[in-house]
Amino acid sequence: MIHCETFLEQLQDYLDEFLSEQSRTEMETHLGECSSCREELTAFQTIMRETSQLPASIEPERDLWDGIIAMIESDTPSNVVSFSSRSRRIVRGSFAAAAGFVFVAGIAFFTLTVPYVEEGEKPPVADAFEEEYKNAKAVLLNALEERREQLPEDILATVEENLGIIEDAMVDINRALAEHPDDPKLKQMLQSARQTDLDVLQTAIKMENDS
Amino acid sequence: MVNAGMLATTDTVRMDPRVNQDLEWVNQAKAGDTEAFEQLYRAHSGRVYAVCLRMVKDKTQAEDLVQEAFVRAWQKLNTFRGDSAFTTWLHRLSVNLTLTHLRNQKRRTDKVMSTDDLTPFEKPVNEKKSGEKLDLEAAIASLPEKARQVFVLHEVEGYKHEEIATMMGIASGTTKAQLHRARRMLREALA
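Residue numbers (the numbering used here), protein chains in the order written: chain A, 1 to 211; chain B, 1 to 191.
Mixed in with the good hints there might be a few duds.
[What the hints assert, rightly or not] Just the calculated beta-carbon pair ranges, DEER-fashion:
#, chain 1, residue 1, chain 2, residue 2, range
1, A, Ser23, B, Gln21, 43 to 53 Å
2, B, Glu162, A, Glu21, 18 to 28 Å
3, B, Glu162, A, Ser23, 41 to 51 Å
4, A, Leu19, B, Thr34, 34 to 44 Å
5, B, Ala171, A, Gln22, 38 to 48 Å
6, B, Lys76, A, Glu21, 26 to 36 Å
[As the list claims (entries may be wrong)] As a list, the in silico DSS-like pairs of lysine-lysine whose alpha-carbon atoms are at most 27 Å apart:
#, chain 1, residue 1, chain 2, residue 2
7, B, Lys176, B, Lys76
8, B, Lys30, A, Lys134
9, B, Lys106, B, Lys30
10, B, Lys146, B, Lys176
11, B, Lys59, A, Lys185
12, B, Lys106, B, Lys160
13, B, Lys106, A, Lys134
14, A, Lys185, B, Lys57
15, B, Lys146, B, Lys160
16, B, Lys30, B, Lys76
17, B, Lys76, B, Lys59
18, B, Lys160, B, Lys30
19, A, Lys134, B, Lys146
[As the list claims (entries may be wrong)] Facing chain A, according to a computed beta carbon distance under 8 Å, are these residues of chain B, among others:
#, residue
20, Ser45
21, Gly46
22, Thr60
23, Asn78
24, Phe80
25, Leu102
Hints were generated in silico from the structure; no laboratory data involved.
These figures come from a predicted structure and were not determined experimentally.
Glycine included, each C-beta is placed from N, C-alpha and C at the ideal position.
Build out the structure end to end from the sequences listed, making use of the hints.
In structure tokens form, the structure reads like this:
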């Protein structure tokens, strides 16, 4: 004979059918006598049933095939490129725009326009500066990619980590912007994050050039 | 429940016409046919997106992971022998990719946070307003990270504890504990 405390301790194993025959029988005997534990069991069974009925498939809001085929056709071996997939897609998507820039010994520094919003002024459109950022990043990533073999592993790892941190920050900021699309401070934060992103790349390329 | 972990032995999958169609597309794709591979994408992107989205909780990251998963699948297609259904193989590849992404993300986050003075940033699951009932998807999304990952893989995707433990690099006892924790938190959130 078991009491409620033991029943609740063993309830998850009961749900997963991990209990021995004897323990299972004891649990079921208790269920016959205790409405509170029956209610508890039913609540968990309901959650499990509803979970099993969640849609197995959710269609993405946009067609992702164009990005996939672009990456496949560029035939970039996945074990060579260590920069994040988002960064790589920016490189490919903006390659034509980037082709006009040539990096030799000198470094062209990119400074993005940071939106400054006066009190009461209507803030600029969220992605008004996105193209500028993407093009600049494409140029810098290509420059860095060309020099990958010459850079020490620890520098590459540090660059990748920093880019990842900034990307995560931008995801958070964009998420906040989705909820507050007109918030000028969020727009400024996004632009600052983009500038920091470019600064990391520019610093890495400069280190290589200085060495 | 339709789930990846429970899919399907060689004999049973062969009888499913969708599986046979997948195999035909796989063989064409192995020969370099990107149109056949696009058919595989059309047939399976929803399931891959669903698991990615539930694991990472972010649409943009989930979309990135879907693209990455299909590019990886294309590159590794020659290693698919057809012992299991293509969807099982693709699903496992996608889950592993997502778990790696989450591990890397956590490593980066840990690096920029001082670890001695911050408790884990786990939002309580029952962040509902008074009188508001969370729906199940929202409640799952608000679970702590590890509990959510284990819950999604076990309860939604149908993987076994041993499989989850291997994929996540933790003990199966830990996956059980996380699953039970997740269920209890959902029970509280949905009460």
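To test your reading of the hints: which numbers does this structure violate?
Structure breaks hints 3, 4, 5, 6, 7, 8, 9, 18, 19, 23, 24, 25.
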